[in-house]
Amino acid sequence: AQKVTQAQTEISVVEKEDVTLDCVYETRDTTYYLFWYKQPPSGELVFLIRRNSFDEQNEISGRYSWNFQKSTSSFNFTITASQVVDSAVYFCALSSRGTGFQKLVFGTGTRLLVSP
Amino acid sequence: EAQVTQNPRYLITVTGKKLTVTCSQNMNHEYMSWYRQDPGLGLRQIYYSMNVEVTDKGDVPEGYKVSRKEKRNFPLILESPSPNQTSLYFCASLKPGYNEQFFGPGTRLTVL
Chain A
1 AQKVTQAQTE ISVVEKEDVT LDCVYETRDT TYYLFWYKQP PSGELVFLIR
51 RNSFDEQNEI SGRYSWNFQK STSSFNFTIT ASQVVDSAVY FCALSSRGTG
101 FQKLVFGTGT RLLVSP
Chain B
1001 EAQVTQNPRY LITVTGKKLT VTCSQNMNHE YMSWYRQDPG LGLRQIYYSM
1051 NVEVTDKGDV PEGYKVSRKE KRNFPLILES PSPNQTSLYF CASLKPGYNE
1101 QFFGPGTRLT VL
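Same order as they appear, the protein sequences are chains A and B. As numbered in my numbering, residues 1 to 116 make up the first sequence, in order. As numbered in my numbering, residues 1001 to 1112 make up the second sequence, in order.
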């Protein structure tokens, strides 16, 4: 069975604070992909990152960084110096070879509120 | 521009009135899916299609139908909508090789 857990339902920070969104996944497949999506108040899903199971390198993109650790089955997302525009719901998701990579299993999402 | 389009974007209807939400992609992707998003549950897959005339159930297929007569189109059909189908619906197509799903803008459905 595949599962993605985002234990943080909602996080509130003040602008310029750093914030980390947690994601823990479960899968028996050895080949899989992990994703993060952003859903702003307008409702669309914005793709942020894809990481495959063989690449544990951390990634940085501007103020965003991702920490992938297979040992703890985690794929955490950090926003540095948060801004009001970062306010959104963030979803972590998993696809795996067992389902032909065609199905995304989503976590329940973390709502991030960044206040001025 | 590569994209997935959905129509309508917003719909309010009444119980039992058949409706169709259209989905179209211009990227020649073989895989397409429908998801629904509900508070506290994230997104869950309703149906998927691996190619023309090939469809299968996802995790929450009850109350829905789909068809795939052309590669670009994957409509979602609610034959007799009920209030528990009030949700935000997303269509997606899969870019092979990259294993990345391209999502449509979403359709917010309310069933009264």
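Honestly, the hints are just simulated from the structure, not real lab data. It is possible that some hints are incorrect.
Cβ pair distances, simulated, as ranges [stated by the list, open to error]:
| # | chain 1 | residue 1 | chain 2 | residue 2 | range |
| --- | --- | --- | --- | --- | --- |
| 1 | A | Glu59 | B | Ser1082 | 39 to 47 Å |
| 2 | A | Ser42 | B | Asn1028 | 33 to 41 Å |
| 3 | B | Pro1008 | A | Asp55 | 33 to 41 Å |
Keeping only pairs whose Cα atoms sit at most 27 Å apart, straight-line, the calculated DSSO-like set for lysine-lysine is [to be verified]:
| # | chain 1 | residue 1 | chain 2 | residue 2 |
| --- | --- | --- | --- | --- |
| 4 | B | Lys1017 | B | Lys1065 |
| 5 | B | Lys1071 | A | Lys70 |
| 6 | A | Lys38 | B | Lys1018 |
| 7 | B | Lys1017 | A | Lys3 |
| 8 | B | Lys1018 | B | Lys1057 |
| 9 | A | Lys3 | B | Lys1069 |
| 10 | B | Lys1071 | B | Lys1057 |
| 11 | A | Lys3 | A | Lys38 |
| 12 | B | Lys1069 | B | Lys1017 |
| 13 | B | Lys1095 | B | Lys1069 |
| 14 | B | Lys1057 | B | Lys1095 |
| 15 | B | Lys1071 | B | Lys1018 |
| 16 | B | Lys1057 | A | Lys3 |
| 17 | A | Lys70 | A | Lys3 |
| 18 | A | Lys38 | A | Lys16 |
Just so we're clear, the structure is a prediction, and the values are computed from it rather than from any experiment. Idealized CB from N, CA, C, for every residue including glycine.
Checked hints:
| no. | hint | in the structure |
| --- | --- | --- |
| 1 | Glu59(A) x Ser1082(B): 39 to 47 Å | 43 Å, holds |
| 2 | Ser42(A) x Asn1028(B): 33 to 41 Å | 28 Å, violated |
| 3 | Pro1008(B) x Asp55(A): 33 to 41 Å | 40 Å, holds |
| 4 | Lys1017(B) x Lys1065(B) | 14 Å, holds |
| 5 | Lys1071(B) x Lys70(A) | 37 Å, violated |
| 6 | Lys38(A) x Lys1018(B) | 32 Å, violated |
| 7 | Lys1017(B) x Lys3(A) | 35 Å, violated |
| 8 | Lys1018(B) x Lys1057(B) | 20 Å, holds |
| 9 | Lys3(A) x Lys1069(B) | 32 Å, violated |
| 10 | Lys1071(B) x Lys1057(B) | 18 Å, holds |
| 11 | Lys3(A) x Lys38(A) | 19 Å, holds |
| 12 | Lys1069(B) x Lys1017(B) | 23 Å, holds |
| 13 | Lys1095(B) x Lys1069(B) | 19 Å, holds |
| 14 | Lys1057(B) x Lys1095(B) | 20 Å, holds |
| 15 | Lys1071(B) x Lys1018(B) | 24 Å, holds |
| 16 | Lys1057(B) x Lys3(A) | 18 Å, holds |
| 17 | Lys70(A) x Lys3(A) | 15 Å, holds |
| 18 | Lys38(A) x Lys16(A) | 19 Å, holds |
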